[in-house]
Amino acid sequence: MTYTQLAIIGVLVVIALDLFVFKTKLLKRKVFWVSYSIVIFFQLVTNGILTGFGIVEYDGDAIIGSSTPKDSAPTFIGDGRLVFAPIEDLLFGFCLVVLTLIIWIWLGRKGVQREPMSGPPRKSVNRFLGIK
Amino acid sequence: MSKYAYLSVLLGCLIGTAWLEYFLRTKVYRRTIRLVLTVLPVVIVFAIWDAYAIAQGHWTFDSRYVTGITTVANIPLDEILFFVVIPICAILSFEAVRSARNWEAGDEETK
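Heads up: the protein sequence lines correspond to chains A and B, in order. Going by our numbering, the first residue of the first sequence is number 1, and it counts up by one from there. Going by our numbering, the first residue of the second sequence is number 1001, and it counts up by one from there.
If you're looking for bench data, these hints aren't it; they were derived computationally from the structure. Do not take every clue at face value.
Claimed, not checked - When the alpha-carbon atoms are kept at most 27 Å apart in a straight line, the in silico DSS-like pairs for lysine-lysine are as follows:
#1 B:Lys1003 / A:Lys25
#2 B:Lys1027 / A:Lys123
#3 A:Lys30 / A:Lys123
#4 A:Lys110 / A:Lys28
#5 A:Lys30 / B:Lys1027
#6 B:Lys1027 / A:Lys70
#7 A:Lys123 / A:Lys23
#8 A:Lys110 / B:Lys1027
#9 A:Lys23 / B:Lys1003
#10 B:Lys1027 / A:Lys28
#11 A:Lys25 / A:Lys123
#12 A:Lys123 / A:Lys70
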């Protein structure tokens, strides 16, 4: 199977795990989508470093775009890539983050160190965020 | 750039998120058992994916930028650590948003 195919299957699997198997229903929660949008921004930055410098290189047969060139950086945006990384990496990252949070929340629900719950932010942060 | 390049990126991720534990009181590192029990299965699942991808040649690692230490199935140590570090960062981000906004996350005590 190609990376493209595996990544799509992976996304479908984690969606099924979240909604029907573990029933954590993260994908229906605001807290997930807000934190995921923060994560995805930093994923683009760090993955951009890993792929832009060619620390990790991809085979064109496995992805929508073409192979990582031998002595230059891959396309920044285009050729199936976003910030140097194959767009498949976004799906891979989604699988990694969602699977992690499914297990984290599922364990909490089972009573495995549900406490201490997170928060509240320190006063300095509240002031910074404009929360009273 | 050196053989520690990949590890440096991971270290940057850990440093970049560490402040959340203190300032947003995410209490993620403090819930060590839950954290370990979360990360362990994730590492196993993604190591399997990684092993397949490496075997099929989906991706390769530039030997100049990784430690050169390999674990099972030709997976570089750097990659295994990626599957440890990124989940920790994800949980920290999630718990930080929850701390700041008090939104329901699904593991609250049911009445």
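Cross-check of the supplied hints:
1. B:Lys1003 / A:Lys25: Measuring from Cα to Cα gives roughly 41 Å; hence the hint is violated.
2. B:Lys1027 / A:Lys123: holds (16 Å)
3. A:Lys30 / A:Lys123: With a Cα-Cα distance of about 23 Å, the restraint between A:Lys30 and A:Lys123 holds, given a limit of 27 Å.
4. A:Lys110 / A:Lys28: With Cα atoms ~20 Å apart, A:Lys110 and A:Lys28 stay inside 27 Å; holds.
5. A:Lys30 / B:Lys1027: holds (20 Å)
6. B:Lys1027 / A:Lys70: violated (44 Å)
7. A:Lys123 / A:Lys23: violated (35 Å)
8. A:Lys110 / B:Lys1027: holds (18 Å)
9. A:Lys23 / B:Lys1003: With a Cα-Cα distance of about 42 Å, the restraint between A:Lys23 and B:Lys1003 is violated, given a limit of 27 Å.
10. B:Lys1027 / A:Lys28: holds (24 Å)
11. A:Lys25 / A:Lys123: violated (31 Å)
12. A:Lys123 / A:Lys70: At roughly 51 Å apart (the allowed maximum being 27 Å), A:Lys70 and A:Lys123 break the hint.
Of the numbered hints stated above, those contradicted by the structure are hints 1, 6, 7, 9, 11 and 12, listed in ascending order.
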